[in-house]
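With chain L held as given, fit chain R onto it using these hints.
Chain residues, written in single-letter form:
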Amino acid sequence: DGGITQSPKYLFRKEGQNVTLSCEQNLNHDAMYWYRQDPGQGLRLIYYSQIVNDFQKGDIAEGYSVSREKKESFPLTVTSAQKNPTAFYLCASSKAGRRQPVWGIQYFGAGTRLSVL
Amino acid sequence: GQQLNQSPQSMFIQEGEDVSMNCTSSSIFNTWLWYKQDPGEGPVLLIALYKAGELTSNGRLTAQFGITRKDSFLNISASIPSDVGIYFCAGQLNSGGGADGLTFGKGTHLIIQP
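Sequence lines, in order, name chains L and R. Yeah, the first sequence ends on 117 if you go by the numbering used here, and it's all consecutive. Yeah, the second sequence ends on 231 if you go by the numbering used here, and it's all consecutive.
Please note that a few of the clues may not be correct.
[Claimed, not checked] Simulated pairs of lysine to aspartate or glutamate, DMTMM-like, Cα-Cα distance not exceeding 20 Å: (1) R:Lys-223 <-> L:Glu-72; (2) R:Lys-223 <-> L:Glu-24; (3) L:Lys-83 <-> L:Asp-54.
[Stated by the list, open to error] Quick list of simulated restraints, FRET-style, between CB atoms: (4) R:Asn-175 <-> L:Gly-40: 25 to 35 Å; (5) R:Asp-155 <-> L:Val-116: 23 to 33 Å; (6) R:Gln-131 <-> L:Gly-16: 48 to 58 Å; (7) L:Thr-5 <-> R:Pro-231: 14 to 24 Å; (8) R:Ser-194 <-> L:Phe-12: 41 to 51 Å; (9) L:Val-52 <-> R:Gly-133: 32 to 42 Å; (10) L:Ala-61 <-> R:Gly-157: 18 to 28 Å; (11) L:Gly-16 <-> R:Glu-171: 48 to 58 Å; (12) L:Asp-54 <-> R:Gln-131: 46 to 56 Å; (13) R:Gly-176 <-> L:Gly-16: 19 to 29 Å; (14) L:Gln-41 <-> R:Ser-174: 22 to 32 Å; (15) L:Glu-69 <-> R:Ser-194: 42 to 52 Å.
Since the hints were derived computationally from the structure, they do not count as laboratory data. Where is the CB? At the ideal position from N, CA and C, for every residue including glycine.
Chain L on its own, in the form it takes in the complex (with noise of 0.2 Å):
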């Protein structure tokens, strides 16, 4: 079946450590998405991809890093300057293009939980 696979679904951090959330598609999507969900709060975005080789900050991109060398694959990369970085971490892919009504839909992964030790 077509979806979005994220791993781990649970990850623990270490102060001052790195760690990176896998997300991968075989939907054929052009488009990639990462958001952060807080408590009681909406999604905000941490960067997108369009395409591949390239991808652009959204609201709260500062202590994450991204990759995008394959259309199927949209690593995020928590890095130790994200100081509070316990949340629920949603990955999320959607055709691209001019055409509407695609391009609004976005379909999301099962998310990974990452925690602080």
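Structure of chain R alone, referenced to chain L:
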């Protein structure tokens, strides 16, 4: 940046009751989406709206794209226990050429009392 106000924050209802929630924005959007999120899972798309004034149904769910393009509502009729979860509205501007991220409301937590 753009902000979405979603209300109510939470709803406690009896099974069988109808539910209504809405989102308002300080800016216009070209697309409104409604998602449902179960605990520990990613959001799942319920309804997508692409034109001002559009009214779309999906089973017991009905959503409308406001005429001003700054608001949207979601109604659930005859609620059932599996409707429990957090409902998010999301808006997207789709400003020419880019696949922009969505702006999300903070969610409406629906709780159904037996």
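Okay, the hints, checked on the actual structure:
1. Distance check on the hinted pair: R:Lys-223 and L:Glu-72 sit about 29 Å apart at the alpha-carbon level, beyond 20 Å; violated.
2. Proposed proximity of R:Lys-223 and L:Glu-24 is contradicted: the alpha carbons are some 26 Å apart, above 20 Å.
3. Under the criterion of a C-alpha separation no larger than 20 Å, the hint pairing L:Lys-83 with L:Asp-54 is inconsistent with the structure, at around 26 Å.
4. In this structure the supplied range 25 to 35 Å holds for R:Asn-175 paired with L:Gly-40, their Cβ-Cβ distance being about 26 Å.
5. The hinted range of 23 to 33 Å is satisfied by R:Asp-155 and L:Val-116, whose Cβ atoms lie roughly 25 Å apart.
6. Distance hint for R:Gln-131 and L:Gly-16: a CB-CB separation of about 51 Å, consistent with the stated range 48 to 58 Å.
7. Checking the proposed 14 to 24 Å range against L:Thr-5 and R:Pro-231 shows it is violated: the Cβ atoms sit about 36 Å from each other.
8. Separation of R:Ser-194 from L:Phe-12 is about 43 Å and conforms to the stated range, judged on CB atoms against 41 to 51 Å.
9. L:Val-52 and R:Gly-133 have their C-beta atoms about 50 Å apart, which leaves the hinted 32 to 42 Å range violated.
10. The hint said 18 to 28 Å for the Cβ distance between L:Ala-61 and R:Gly-157, and at roughly 25 Å that hint holds.
11. Range check, L:Gly-16 to R:Glu-171: about 50 Å between beta-carbon atoms, so the 48 to 58 Å window is met.
12. Checked against the hint of 46 to 56 Å, the C-beta distance between L:Asp-54 and R:Gln-131 comes to roughly 50 Å, which is consistent with it.
13. Look at R:Gly-176 against L:Gly-16: about 49 Å separates their beta carbons, and that is not inside 19 to 29 Å.
14. The beta-carbon spacing between L:Gln-41 and R:Ser-174, approximately 29 Å, falls within the hinted interval of 22 to 32 Å.
15. With their beta carbons about 47 Å apart, L:Glu-69 and R:Ser-194 fall inside the hinted range of 42 to 52 Å.
Hints 1, 2, 3, 7, 9 and 13 from the earlier list are contradicted by this structure; the remaining hints agree with it.
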